[in-house]
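Novice: One line per chain: the protein sequences are A, B, C, D, E and F, in this order.
Number 35 in my numbering belongs to position 35 of the first sequence; there are no gaps in the numbering.
Numbers given in my numbering equal positions in the second sequence, counted from 1, plus 97.
Numbers given in my numbering equal positions in the third sequence, counted from 1, plus 194.
Numbers given in my numbering equal positions in the fourth sequence, counted from 1, plus 291.
Numbers given in my numbering equal positions in the fifth sequence, counted from 1, plus 613.
Numbers given in my numbering equal positions in the sixth sequence, counted from 1, plus 935.
Hints should not be assumed to be uniformly reliable.
Unchecked claim - Beyond 10 Å from chain D on every Cβ pair, some chain F residues (computed):
no., residue
1, K1026
2, L1166
3, S1193
4, I1251
5, E1253
Claimed, not checked - Residues on chain D that point at chain F, a partial pick, calculated with CB under 10 Å:
no., residue
6, G312
7, P325
8, F331
9, L410
10, Q411
11, F495
12, R519
13, Q606
No wet-lab data here; the hints were simulated from the structure.
Just so you know, even glycine gets a beta-carbon here, dropped at the ideal spot from N, CA and C.
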Amino acid sequence: MKPIKRVEIVTDSLELKRVLHILDELGVSGYTVIREVTGKGERGTRAGDELTDVFKNSYVMTACGEDDVGRIAEAIRPVLQRTGGVCLVSDAQWIVH
Amino acid sequence: MKPIKRVEIVTDSLELKRVLHILDELGVSGYTVIREVTGKGERGTRAGDELTDVFKNSYVMTACGEDDVGRIAEAIRPVLQRTGGVCLVSDAQWIVH
Amino acid sequence: MKPIKRVEIVTDSLELKRVLHILDELGVSGYTVIREVTGKGERGTRAGDELTDVFKNSYVMTACGEDDVGRIAEAIRPVLQRTGGVCLVSDAQWIVH
Amino acid sequence: MDTNLILSNLLSPPILFFFLGVLAVAVRSDLEIPQPIPKFLSLYLLFAIGFRGGTELHESGLTSEVGIALAAAMAMAFLVPLYSFFILRVKLPVADAAAIAATYGSISAVTFITAASFLQRLDVGFGGHLVAAMALMESPAIVVGVLLYNIHARGERRGIAWGEVLREAFLNGSVFLILGSLMIGVLTGAEGASALAPFAEDIFKGMLAFFLLDMGLIAARRLGDLRRGGLFLTLFAIVIPMVNAMAAIAIANLIGMSRGDALMFAVLCASASYIAVPAAMRLSIPDANPSLYVPMSLAITFPFNIVVGLPLYMQIIELFWR
Amino acid sequence: MDTNLILSNLLSPPILFFFLGVLAVAVRSDLEIPQPIPKFLSLYLLFAIGFRGGTELHESGLTSEVGIALAAAMAMAFLVPLYSFFILRVKLPVADAAAIAATYGSISAVTFITAASFLQRLDVGFGGHLVAAMALMESPAIVVGVLLYNIHARGERRGIAWGEVLREAFLNGSVFLILGSLMIGVLTGAEGASALAPFAEDIFKGMLAFFLLDMGLIAARRLGDLRRGGLFLTLFAIVIPMVNAMAAIAIANLIGMSRGDALMFAVLCASASYIAVPAAMRLSIPDANPSLYVPMSLAITFPFNIVVGLPLYMQIIELFWR
Amino acid sequence: MDTNLILSNLLSPPILFFFLGVLAVAVRSDLEIPQPIPKFLSLYLLFAIGFRGGTELHESGLTSEVGIALAAAMAMAFLVPLYSFFILRVKLPVADAAAIAATYGSISAVTFITAASFLQRLDVGFGGHLVAAMALMESPAIVVGVLLYNIHARGERRGIAWGEVLREAFLNGSVFLILGSLMIGVLTGAEGASALAPFAEDIFKGMLAFFLLDMGLIAARRLGDLRRGGLFLTLFAIVIPMVNAMAAIAIANLIGMSRGDALMFAVLCASASYIAVPAAMRLSIPDANPSLYVPMSLAITFPFNIVVGLPLYMQIIELFWR
Ligand SMILES: Nc1ncnc2c1ncn2[C@@H]1O[C@H](COP(=O)(O)O)[C@@H](O)[C@H]1O
Ligand SMILES: Nc1ncnc2c1ncn2[C@@H]1O[C@H](COP(=O)(O)O)[C@@H](O)[C@H]1O
Ligand SMILES: Nc1ncnc2c1ncn2[C@@H]1O[C@H](COP(=O)(O)O)[C@@H](O)[C@H]1O
Ligand code: NA
Ligand code: NA
Ligand code: NA
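Given the sequences, and given the hints that come with them, work out the whole structure.
Specialist: Printed below as a string of structure tokens:
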């Protein structure tokens, strides 16, 4: 088991491409995505019932090293400021395989 | 980064409305919902293959302050007792934007 | 509140049956599954756009006791080695109901 | 019994596709129709049957015959859950008895629809008001079930949120869609009917067959749960539909329904809900075990009705209507 | 005004199903058409309308009449967002004004499709090139909106990623699918048309009615958001469509369009986008509030156009074309 | 070569919609048909082709011609993966060679279906038993592939769970659905056929065109992965289908198949699986790289067969059958 940081990002679905592009650029080792996510926050309810991806969220989780966290936070922050969302960081153990 | 509590609730899909209503009433700053969730617990398997939302779960996550946790737990507990589910609380850091 | 381990497994969708079978065998008290999950890792992108479950992931989370973690890790590792994925373990509090 | 009728029913595409679904589960094939496709098919069927019933009602008009049929339907919708409850109480706790009673008091739209295509093969018609009867019969049993639970449950019997129960009963998605489509059918009449015919009529049988494939899959998956229910519930799930059908046929004969109407009425009374009621029971009677009432209705009563029930009830009707 | 026309429109299945959806939300029924079913229906409608327009264009050929109509369409697609912007600036910040202007400059395919079935009920035809006009009118408003925002926004006005804006405008899924299906229709002509007729034509009206049920659900859910918008925006969402329709009818008369073409052109100008534009605005003008432009277009202008607009515009056309 | 045939195939709606999907990816449009819609369309196509094949088989009966054709199909299903494996071993490790061999030994239902609508445009019929042949040819290659892997792999060659492999091979969803629908078609015959015709026949071409739009999207997305495969695999994905088709045509001529049957048989042998086999290989030969066998089959062989293969094989058949 290896200590690792678990970064979760909930963001406007339309920004998903940008967020994944950012993670790719930063060279994270991988990420997991859940596309159909709804929610509520200061920008109101996103019920995911539109015909477009407006009013819908996506969820991205990446397990990364301690030092990546800062860079990810910095790169993601402008996206969150623009269209909202949350980014949480927590501790976890990676079962190395 | 701000320390925060990450409350996760897995509950019968039919109770989702009630759970979100409870969170709204408690005035949490936001929540994220995944509607299509399946699982297994002491009440058997919920495979989500019915035509209704019977035998299906939903997942709710809210990042909230330490003091909210107690109130959420208290308000959610009756729902969990009635139709099952789990509620987990963990520590996380919120990337303030 | 009861301290508990939160084990998350992201795995090839085609392995989902096997993973759940393993958890059942180990006698965990329950698990929660999200079937439609995509992602990227060392085995490339899994966009979930195929007609089969090839190139798609599933997500499993189980809240279990400290001693279960080792057994789960051991049983899951061969699956992860074969078809990839991640397994993370973190601490959480279970709101007993 | 007319074995021809049984056989021709057994060999019709909808029934065969139902069995194909059952077989897939039995041989552990990974065949699966992922959600929300089955939900889409089910909404389509409600939309189409409601609309078509409405356009037929537009033609026939609101005769006294219609009024009497609807009154009979309402009566059965209140009676069936009542006597079911007291039979079930012999073996079951209040919550389960009330929930199962509600399940059998209500109706199954898909059984009704399968019966409609059964009649079509026999070239026997039925009135559009039977669709209205179906919509009306879906809800009362929910209210009766919750009432029975409320009266008979002791101890932790908490205040029932009647507003919620009534909304679940009368405004749940499936009742609302059938009634709404029926109203639209009534309003638009023949012109609307012909505009929507390719969608609501022509492809209907194929959509039904495809949907029954999924019903077979789900029903077979639920069969395993039944072991917990025991013989009593399995018997109940076969006998009570027949009893209800007989009662319905007797009433139908009394009030002078046509053969087709009588069959549809019998099928409504014989069928058990697995959409509207389970969702309502889950919320209103949470102590009732859904692993009892869902598989009983879905894995026993539904197949029994469409495979054995349809030709059986028709046979009996033929006897009495001669 | 011809109340007959209004009534026959009101009583047509698509409109009635739209209202059924609205009613479901009003009475808090849990009726729901889960995603991606509505997306599927919407893709189907674009596929079918594009393809049918193409096969008709194949028949009629590229006449000068077609060219003139397309030029008029392009002109309106640039003009409408321009004057809308300056009207909106009276009350709104730049970002919101630009986003709403783009919304109203663009078009709504479903309004167009509902208008097509309205004309069909009246037995009035329209040219396949109007479908091309629809596809062409979807994008320019996006570009105009972003340009206006860029010129008028001060302060944090960051460099616009024009590549992305143009791709969003001209290659978003719905524009691409309409244009592509149209091209395929043009290429395959009558032979292709008859091969796909059962899918693209016969079941079309039913699919539309079913889809409008969902539109009713979504529109009604968005209505609540409008309180934030205030009276000004509600009025804008009703008056501007009428103004645009009048302008379109005037132009149509000038360039000698047929009655059917004139109605479709009026409807294109009167309608507001709730698919392509909101998605583009969200990305290109993130400071604009989607809780303004989405409900305005979806919950006011769309119902207004299909319920009141269609017969109203037709009435006016009848007056001038006599 | 008859350029007319190529052109008329190229300009048919299904092929054009396939290219529209490819184009959408090429120009980076965000057009997308979200899951499970494509899965629904694919299940529909299997349902319809199986059922229609069955009803035709019901008419023709089980003649010796049918028996011989099925035997030939089985023979090819065992032979193709065998010789493919040894060709592939020249350049590839055992696991990849076995998985690709299985992929090309099996068949693609959508290629078959596209061929059926190609023949329909030419007014050439084919026997319902070819659908049975398709179902029979899907599975053996999986078994052969796993066997080859097991025999030739050294080192970590773990015990194969044959129960699982056989179930994956013979009871996977798509084989099961085709065979099941075929059986139902055989059982219900002409009566069933006419009842389901609007669903299973009339809208079929439109559903196929719509589905091929999605196939175009997926195929184009996978193209990028091919760079890893190199020229050898790209050539293999074009040449082997032609070789297999020639072998099939020779056999078809020998056993006296009709022209239509010969084309369908050639197409079955030429096509490669991208549904049943990849899923089975992923589980049974996990060391094989799915980024090789999926794009080869989906992004090269599938388009090659439906665009070039169909007219080419037909042309050759015309030569020999004269
Ligand atoms: N406190 C929170 N906990 C969990 N999710 C949140 C929270 N706040 C916002 N979100 C998610 O982020 C999305 C956008 O948030 P906002 O920008 O605050 O409107 C919401 O729709 C939620 O899905
Ligand atoms: N130990 C657990 N870990 C994760 N999820 C659980 C656990 N126990 C129950 N669940 C989830 O909660 C749902 C209801 O649980 P139960 O009430 O125990 O039947 C299950 O279907 C699971 O999705
Ligand atoms: N560092 C990571 N963080 C989160 N998810 C990951 C990570 N690495 C891999 N995954 C997930 O595991 C799947 C398989 O990973 P791999 O075996 O590395 O290709 C990916 O598609 C992701 O969904
Ligand atoms: Na009943
Ligand atoms: Na407009
Ligand atoms: Na082959």
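Novice: Does each hint hold? Answer for all of them.
Specialist: Hints versus structure:
At the 10 Å boundary, the C-beta of K1026 of chain F stays outside the reach of chain D, the nearest C-beta of that chain being 33 Å off. Taking the minimum C-beta to C-beta distance to chain D, about 36 Å, the non-interface status of L1166 of chain F holds against the 10 Å cut. Every C-beta of chain D lies more than 10 Å from that of S1193 of chain F, the closest at about 28 Å, which supports listing it as non-interface. Its beta-carbon lying about 36 Å from the closest one in chain D, I1251 of chain F satisfies the requirement of being farther than 10 Å from that chain.
With a closest Cβ-Cβ approach of about 35 Å to chain D, E1253 of chain F is found to remain outside the 10 Å limit, as its non-interface label requires. Restraint check, G312 of chain D versus chain F: the minimum CB separation of about 9 Å is within 10 Å; hint holds. Among the interface hints, the one on P325 of chain D holds; its C-beta lies about 4 Å from the nearest C-beta in chain F, closer than the 10 Å criterion. With a cut of 10 Å, the hint placing F331 of chain D at the interface with chain F holds, because the nearest CB-to-CB distance is about 8 Å.
This hint is violated: L410 of chain D has a C-beta 13 Å from the nearest C-beta of chain F, more than the 10 Å allowed. The interface hint given for Q411 of chain D is met, as the beta carbon of that residue sits about 9 Å from the closest beta carbon of chain F, less than 10 Å. At a threshold of 10 Å, the smallest CB-CB gap from F495 of chain D to chain F is about 8 Å, leaving the interface hint in force. Using the Cβ-Cβ criterion of 10 Å, the hint placing R519 of chain D at the interface with chain F is not satisfied: the shortest such distance is roughly 28 Å.
Interface restraint check for Q606 of chain D: the shortest CB-CB distance to chain F comes to about 21 Å, outside 10 Å, so the restraint is violated.
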